[in-house]
Amino acid sequence: MMTKQIGRVATLTLLLFGVLFVNLNLIALVQSETLSSHPANRRLLVREYAIERGSIVVGEEAIARSIETEGDLEHLREYPGGALYGHITGYYSFILGRSGLEAALNEQLIGQPLEVLAQNLGDLLFAPDQAGNTVELTINPRAQQAAADALEGRVGAVVALDPTTGAVLASYANPSFDPGPLSTHNASAIREAWEPLIDSDERPLVNRAIAETYPPGSTFKLITAAAALEHDRSPETAFPDEGVYDVPQTESDIGNFGGGKCGEGETISLADAMRVSCNTVFARLGVELGADRLIDMAERFGFNRAPPYELDVANSGIPKEMDEPSAAQSAIGQRDVRATPMQMAIVAAAMANGGRLVEPHLVRAIRDPSGSLVRETAPSLWDEGRFDGQVVSETIAAQLRDMMIDVVADGTGRNARIDGVTVGGKTGTAQTGGAPTVWFVGFADQQVAVAVVLPSAGDDDTGGQVAAPIARAVMEAALGR
Amino acid sequence: MSAATGTAGRGVDRRTGNALRSTEARLLAFAVVITFAAHVLLGWSQGPEVPPSAIVTGVAMTVIAIVAHITVRTMAPDADPTLLPLAFLLNGLGLVFVRRVDLAAGSDLAGTQTVWTAVSVAGMCAVLVLIRQVRTLSRYQYSLGLLTLVLLILPLVPGLTAGPINGARLWIDLFGMRFQPGEVAKLTMVAFLAGYLERKRVLLSVASHRFGPLLMPAPRHLAPVLLATGVALVVMAGLRDLGSALLLFGVFLAVLYVATGRAAYPLFGLVAFAIGSTLAYQLFAHVRVRVSIWLDPWSQVSNAGYQLAQSLFALGTGGLTGAGLGGGRPQDVPFSATDAMFAVIGEELGLLGATAVLVAFLLLVVRGFKISLTARDEYGTLLALGLTATIALQTFVIVGGLTRVVPLTGITLPFMSYGGSSLLGNYVLIALLLRISDESRGAARGRQMERPRTGKSSR
Numbered sequence: 070m071m072t073k074q075i076g077r078v079a080t081l082t083l084l085l086f087g088v089l090f091v092n093l094n095l096i097a098l099v100q101s102e103t104l105s106s107h108p109a110n111r112r113l114l115v116r117e118y119a120i121e122r123g124s125i126v127v128g129e130e131a132i133a134r135s136i137e138t139e140g141d142l143e144h145l146r147e148y149p150g151g152a153l154y155g156h157i158t159g160y161y162s163f164i165l166g167r168s169g170l171e172a173a174l175n176e177q178l179i180g181q182p183l184e185v186l187a188q189n190l191g192d193l194l195f196a197p198d199q200a201g202n203t204v205e206l207t208i209n210p211r212a213q214q215a216a217a218d219a220l221e222g223r224v225g226a227v228v229a230l231d232p233t234t235g236a237v238l239a240s241y242a243n244p245s246f247d248p249g250p251l252s253t254h255n256a257s258a259i260r261e262a263w264e265p266l267i268d269s270d271e272r273p274l275v276n277r278a279i280a281e282t283y284p285p286g287s288t289f290k291l292i293t294a295a296a297a298l299e300h301d302r303s304p305e306t307a308f309p310d311e312g313v314y315d316v317p318q319t320e321s322d323i324g325n326f327g328g329g330k331c332g333e334g335e336t337i338s339l340a341d342a343m344r345v346s347c348n349t350v351f352a353r354l355g356v357e358l359g360a361d362r363l364i365d366m367a368e369r370f371g372f373n374r375a376p377p378y379e380l381d382v383a384n385s386g387i388p389k390e391m392d393e394p395s396a397a398q399s400a401i402g403q404r405d406v407r408a409t410p411m412q413m414a415i416v417a418a419a420m421a422n423g424g425r426l427v428e429p430h431l432v433r434a435i436r437d438p439s440g441s442l443v444r445e446t447a448p449s450l451w452d453e454g455r456f457d458g459q460v461v462s463e464t465i466a467a468q469l470r471d472m473m474i475d476v477v478a479d480g481t482g483r484n485a486r487i488d489g490v491t492v493g494g495k496t497g498t499a500q501t502g503g504a505p506t507v508w509f510v511g512f513a514d515q516q517v518a519v520a521v522v523l524p525s526a527g528d529d530d531t532g533g534q535v536a537a538p539i540a541r542a543v544m545e546a547a548l549g550r
Numbered sequence: 031m032s033a034a035t036g037t038a039g040r041g042v043d044r045r046t047g048n049a050l051r052s053t054e055a056r057l058l059a060f061a062v063v064i065t066f067a068a069h070v071l072l073g074w075s076q077g078p079e080v081p082p083s084a085i086v087t088g089v090a091m092t093v094i095a096i097v098a099h100i101t102v103r104t105m106a107p108d109a110d111p112t113l114l115p116l117a118f119l120l121n122g123l124g125l126v127f128v129r130r131v132d133l134a135a136g137s138d139l140a141g142t143q144t145v146w147t148a149v150s151v152a153g154m155c156a157v158l159v160l161i162r163q164v165r166t167l168s169r170y171q172y173s174l175g176l177l178t179l180v181l182l183i184l185p186l187v188p189g190l191t192a193g194p195i196n197g198a199r200l201w202i203d204l205f206g207m208r209f210q211p212g213e214v215a216k217l218t219m220v221a222f223l224a225g226y227l228e229r230k231r232v233l234l235s236v237a238s239h240r241f242g243p244l245l246m247p248a249p250r251h252l253a254p255v256l257l258a259t260g261v262a263l264v265v266m267a268g269l270r271d272l273g274s275a276l277l278l279f280g281v282f283l284a285v286l287y288v289a290t291g292r293a294a295y296p297l298f299g300l301v302a303f304a305i306g307s308t309l310a311y312q313l314f315a316h317v318r319v320r321v322s323i324w325l326d327p328w329s330q331v332s333n334a335g336y337q338l339a340q341s342l343f344a345l346g347t348g349g350l351t352g353a354g355l356g357g358g359r360p361q362d363v364p365f366s367a368t369d370a371m372f373a374v375i376g377e378e379l380g381l382l383g384a385t386a387v388l389v390a391f392l393l394l395v396v397r398g399f400k401i402s403l404t405a406r407d408e409y410g411t412l413l414a415l416g417l418t419a420t421i422a423l424q425t426f427v428i429v430g431g432l433t434r435v436v437p438l439t440g441i442t443l444p445f446m447s448y449g450g451s452s453l454l455g456n457y458v459l460i461a462l463l464l465r466i467s468d469e470s471r472g473a474a475r476g477r478q479m480e481r482p483r484t485g486k487s488s489r
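Going down the list, the sequences are from chains A and B.
Take 70 as the starting number for the first sequence in the working numbering and just add one per residue.
Take 31 as the starting number for the second sequence in the working numbering and just add one per residue.
Read the hints as simulated data drawn from the structure, not as lab findings.
Incorrect hints may appear among the rest.
[Said to hold, decoys possible] Listed next, with one range per pair, are the computed distances between beta-carbon atoms:
(1) A:439 to B:82: 34 to 44 Å
(2) B:351 to A:81: 25 to 35 Å
(3) B:386 to A:447: 48 to 58 Å
For every residue, glycine included, the Cβ atom is placed at its ideal position computed from N, Cα and C.
Produce the entire structure from the sequences given, and follow the hints as far as they go.
Here you go:
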């Protein structure tokens, strides 16, 4: 008599268990990936920290390394490099995540692809002594230190490259930060270290060497000159030397820095115009050449694209279309032209390297825990798509190089001179309202190319006064002087 | 005997008691071997040696199994041969996972739980020895009803109470031991319900009063049941033990429905439950919190939703095959030795292992329904049904809670979770089911049964 009811209760029970089975399948199969990689799920983290993460090495010294420690997370990340290398290494924090090379080279540093780490759930217990690969950098520690010392107390950035290989010898932005306190295993200590970094007006977390663009000012005249030399002009070509260039289609004309003419005579040569950074000549060139040629040359040198690099570099930019007033302004690096220090270092390097654009790189080699080579970076030209690695002919490059040598020998860049070394360069002082952005880009022999930017210099500061000495200090250090 | 005798012969295994007991012995041996193997595997995840705890547990389980087997063979020779091995398998795996949590937390719960296993199986044997006929229980139904209430109120009595633990007042301290009387109250309540409804079921199934669209029996017949259940629910809610309240209510509805055959009761019950839930939601903040966690654990993953999120992480990370014994992170899942053990099982044994465990529960439940169907009399039918529904619903509430099918409330996973009172209650439950199945099979085989001493068995 109660059989029917019992059957129904049993059926209902089976249905309830059916719901459990279906739902269990959904969780364990369909949602598995989402759940296992959820940021609040500590499992992946614990597994990652069980690995002895590889060191990041400059010269013979580790600037980031992992040591065994007590607790759930078995290794602690240390940064003997501190703030000097903060933007390069980045931090490795269980709360904040990873930045810098810690993020970019994570899979090398833990020695295996992340998917493998996520998949082999139990395996780690049976292979507890895993270690990641060591990453060796191209940084020259003396040049890096020189950059930091020279930028002490100023907001700014320095990038130094080997002009023939693209190896980055120094990359420092001030202010920087020490990744150590952000990478501890103590959540409240991390927050305590993090908040002042976030709150600071000087934004120490921003790597100004690569992550921000600034108006390049007169350093952009190198590109205008390159376009001019490619279109029937020579370093000796004479231009009218005038106090003011009457820009077509507009009332706002362009004058020279400090007012007045650039030279003594009626005319001035292109080389002399470069040496004294003559705005009227280069503004006129911008209009004469036309926006298209200017844009084309800038893009060939790397504008409107970002160089391939281990870390993300911001796009340096020039507008794709410009009227004549814009072309005039852009030709002297004002208006909407923007560049990263890295980009300008690459431009300077091309001048010292026969017109060849190098790909910058930070990693020299990657080695496995036994010390054998996993990967070595081969120097490579930056050619992609329609852009050739040979930006301008060797002849034009040599002409530009000589013009830059003149700038340092007897022009605005005198403060970059180094005895016994052929130094070339170009200063820049961009007025964009507010504090000027001052630059020096240049090279010493074929050993080092450099770009220095100080985006909020003093009102009376010029690239020649402020940036050139910093560049000299870094180049000297790179040359081993 | 009226209807019950008619069903007694159907579907009954006609093998002799000896054959049944031999099957049971083989299955028990299998359960012990599985437990021992799992324990060794767990040990191997820590090092190359076979852990001493595996040997201790293996020996203890073997001895306990032999004692249990001998007791059943002599006291209930015709009992269902699968109940005890299934309970033993779940219990053994539970011990392995309690040990697993010990390894992660540095605790020593597994030793205590092994002792509790022995105590609980002894309790089961004692019930088999003391209760030769399950009908004798029905003589004490009102005492059992009263006992249920007393047991539920005990944790509130000053001097006995162990105070609130994790927000709930469920424990008492007795002779230096912590005990959860609610685990026994579940059984006494089911026994009371079965007895009361057996006698009133005809009255209750005659609808004489109209209650809205529903035909209901005279309220006075229903009053004691409603009262007992209502008080139980209020006490449970007051103790903040929502899981047990839900469990008791569901079991009550199931037994009521089976006894009366009127779907109006469970429907009425569901309406009452809906109203009660809404009221509880409005009145109690902790109920609102549970519901909001259920609806969206992810926005509160580091506070209120932590346990559910961690349970889902464990199950999701476990995937199909799991991290392997010892490969998971039970330390991340709160209450991993008790309420959340199923999540740890899912993480380490994967979907496959978790499914196997659920199937073991399902088999146990299916056997329970079969025992209810074939019980010798109506009291046995209702009691078996109530006991079976208890296991089924309790498993559903906790596994469903940990997998976000229903709001997560604290309740143990039968036979597996760490906790002595729970394990003891579960083994007593198994003893009663063994007794009921033994009676029906024995009767079917024409075994000489003692006559029931109460005259109330038939009307």
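Okay, the hints, checked on the actual structure:
1. A:439 to B:82: 34 to 44 Å: About 38 Å separates the Cβ atoms of residue 439 of chain A and residue 82 of chain B, which means 34 to 44 Å holds.
2. B:351 to A:81: 25 to 35 Å: holds, 32 Å
3. B:386 to A:447: 48 to 58 Å: Taking Cβ atoms as reference, residue 386 of chain B and residue 447 of chain A lie about 55 Å apart, which means the hint holds.
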